[in-house]
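Knowing the structure of chain X, use the given hints to seat chain E on it.
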Amino acid sequence: MSQFLTDVQQYAFLQHAVLTGILASVACGIIGTYVVVRRISYIADGIAHCVLGGMGAALYLQKVYHWNEVVPIHGAVVSALIAAVIIGLVSLWARQREDTVISALWAVGMAVGIVFISRTPGYNEDLMGYLFGNILMVSSNDLWMLVGLDAIIVAMGLLFYNQFLAVCFDDEFARLRGLPVEVFYLLLLCLTALTVVVLATVVGIVMVIAMLTLPVAIAGQFSKTLWGMMAVSTLLCALFTTSGLVISYAPDYPAGATTIILAGAAYLGATTLKWALGRGKG
Amino acid sequence: MNPMNAPAILMKDISFSYDGDPVLEDVNLSIPHGDFVSMVGPNGGGKTTLLKLMLGLLRPSRGEVRMFGGPPEAARPRVGYMPQYTQLDPQFPATVMDVALMGRLGHGKPFGRYSRQDREIVARALDQVGLCDVFRKPFSSISGGQRQRLFIARALACEPDLLLLDEPTANLDVVMGGDLYELLRTLNETLTVVTVSHDIGFVSTVVKSVVCVKRRVFMHPTSEITGEMINALYGSPVRMVRHNGEEGCTCHSF
Numbered sequence: 001m002s003q004f005l006t007d008v009q010q011y012a013f014l015q016h017a018v019l020t021g022i023l024a025s026v027a028c029g030i031i032g033t034y035v036v037v038r039r040i041s042y043i044a045d046g047i048a049h050c051v052l053g054g055m056g057a058a059l060y061l062q063k064v065y066h067w068n069e070v071v072p073i074h075g076a077v078v079s080a081l082i083a084a085v086i087i088g089l090v091s092l093w094a095r096q097r098e099d100t101v102i103s104a105l106w107a108v109g110m111a112v113g114i115v116f117i118s119r120t121p122g123y124n125e126d127l128m129g130y131l132f133g134n135i136l137m138v139s140s141n142d143l144w145m146l147v148g149l150d151a152i153i154v155a156m157g158l159l160f161y162n163q164f165l166a167v168c169f170d171d172e173f174a175r176l177r178g179l180p181v182e183v184f185y186l187l188l189l190c191l192t193a194l195t196v197v198v199l200a201t202v203v204g205i206v207m208v209i210a211m212l213t214l215p216v217a218i219a220g221q222f223s224k225t226l227w228g229m230m231a232v233s234t235l236l237c238a239l240f241t242t243s244g245l246v247i248s249y250a251p252d253y254p255a256g257a258t259t260i261i262l263a264g265a266a267y268l269g270a271t272t273l274k275w276a277l278g279r280g281k282g
Numbered sequence: 001m002n003p004m005n006a007p008a009i010l011m012k013d014i015s016f017s018y019d020g021d022p023v024l025e026d027v028n029l030s031i032p033h034g035d036f037v038s039m040v041g042p043n044g045g046g047k048t049t050l051l052k053l054m055l056g057l058l059r060p061s062r063g064e065v066r067m068f069g070g071p072p073e074a075a076r077p078r079v080g081y082m083p084q085y086t087q088l089d090p091q092f093p094a095t096v097m098d099v100a101l102m103g104r105l106g107h108g109k110p111f112g113r114y115s116r117q118d119r120e121i122v123a124r125a126l127d128q129v130g131l132c133d134v135f136r137k138p139f140s141s142i143s144g145g146q147r148q149r150l151f152i153a154r155a156l157a158c159e160p161d162l163l164l165l166d167e168p169t170a171n172l173d174v175v176m177g178g179d180l181y182e183l184l185r186t187l188n189e190t191l192t193v194v195t196v197s198h199d200i201g202f203v204s205t206v207v208k209s210v211v212c213v214k215r216r217v218f219m220h221p222t223s224e225i226t227g228e229m230i231n232a233l234y235g236s237p238v239r240m241v242r243h244n245g246e247e248g249c250t251c252h253s254f
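Quick mapping for you: the protein sequence lines, in order, are chains X and E.
Counting along the first sequence from 1, when you hit position 220 you're at 220 in this note's numbering, and nothing is skipped either side.
Counting along the second sequence from 1, when you hit position 165 you're at 165 in this note's numbering, and nothing is skipped either side.
Calculated from the structure, these hints are not laboratory results.
Honestly, I wouldn't trust all of these hints.
Stated by the list, open to error - Where chain E lies over chain X, by a calculated footprint (3+ residues, C-beta under 8 Å): (1) 75-86; (2) 106-115; (3) 134-148; (4) 165-171.
As the list claims (entries may be wrong) - Pairs of lysine-lysine, DSS-like flavour, derived with a Cα cap of 25 Å: (5) E:Lys137 / X:Lys274; (6) X:Lys224 / E:Lys137; (7) E:Lys137 / E:Lys12.
Don't be surprised by glycine CBs; every beta carbon is placed ideally from N, CA and C.
Bound conformation, chain X alone (with noise of 0.2 Å):
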């Protein structure tokens, strides 16, 4: 602890390590709690395994055809929105194939990523960071990419709190009240995926549906509203990855994987906890 103290005034890595927490529980608290609220979880979930296949794309022209210009995360942005707005529009017009198509998006999509890495030479380790990611690299263009996804999400949920809330809530009232529940709805989804995308690149796949569902889960038992439930989560995320850093730093623990396990941990403690307090009640 005081180690961690020390040497975060002296380390830009550690620094941007913390930053990259806080900003990330932002995008998390608030994607999450919509993701959670309209039991999606398994769509992010897929659109994040996915992403592969793009970013393994994107490697492979850089590195055999030499397109300097493309980086993974382009490839990722672009696939993670493509699978994003194909599975949207199955989940709203063919509801009953939706956890299909979403498997069939997960598992062809890590493969074609799969095949791009083989034929691509060289060790990927962007890829691999991609699935096990490291907050302890996170390049200050990295930081900036998250403000900006912080700053989109931020202005979208305040200016359409209230819709997403009808649509998350109950869609065909909301599209009797004339709202565009479709636009809401893939715009939901895009935001998922940039948040997974984004996020993935920094923290890893992992991380992310940590993220994205545990600390809202917690979050959820607690809450009346649905800003109650985005502050209380973006807090608790901050608290976890903050604490999960300062935890794993002196025994030199992976910090992603410290995070999970202890926002795991609370996850367990806060519902036992609801459990027993719901018993005492009778």
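Quick look at chain E alone, frame taken from chain X:
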């Protein structure tokens, strides 16, 4: 504005099927302004489908729906709809006020906060259904009956000319159900009311017309409803409605 004399709801030669077997066939229905209609019929008889056709949520396979003289989509702003709430997530993080305010969507600007006027209209609607004391409470904490009344308040908050209520008395006990129909009777002084009901017991006291729905559709003034008709509709003897003793009307085609 369409001619004032166009009926609130007009269905001409409607047939509808989801996949294969028709749910509704040769439906002709005209509901005038100011009517209070209860749609009765067995489960799967097509009552909710009929409501969804009126709202334009479903398209008929054949025939035409006209609402206030126009297409159903164009009439949506004038219609307050209460769905069967069973499909909604009871744990959703929203307050009673948040839910009722959804009735104000589509009235003001397409983004941003609700106006003070919106909040006043919603407060009035909550007051009408007796929920003004609990408007700050979470949706997850109120009872089934309160939830039912909340959805009616949300429909009222649309400031509709026509209320479409899908099973408004489900989850209500007899006293509350009676209160609800009393409220609807008051509302009916200024607007048209169409309810779907399993509970034939409530039907005849305040309702002006009854629509029997079982693939085909027949409309009767309440005074003509007889025990034989109800039995024919449900296929077995059911709890009786107030019997007004007029014999003239029949539902043989069931």
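Results for each hint:
Remark: the region 75-86 of chain X is not confirmed as covered by chain E, as 0 of its residues place a Cβ nearer than 8 Å to a Cβ of that chain, below the required three. Given a C-beta distance limit of less than 8 Å, the hint that chain E covers the region 106-115 of chain X is violated, as 0 residues qualify and 3 are needed. Given a C-beta distance limit of less than 8 Å, the hint that chain E covers the region 134-148 of chain X is violated, as 0 residues qualify and 3 are needed. Only residues whose C-beta sits within less than 8 Å of a C-beta in chain E count toward coverage, and the region 165-171 of chain X has 5 of them, enough to reach three; the restraint holds.
A threshold of 25 Å between alpha carbons decides the hint, and for lysine 137 of chain E with lysine 274 of chain X the separation of about 19 Å falls inside it, so the pair holds. Our distance criterion of 25 Å between C-alpha atoms is met by lysine 224 of chain X and lysine 137 of chain E, whose separation comes to about 8 Å. With a C-alpha separation of about 44 Å, the suggested pairing of lysine 137 of chain E with lysine 12 of chain E is violated against the 25 Å cut-off.
The earlier numbered hints that this structure contradicts are 1, 2, 3, 7.
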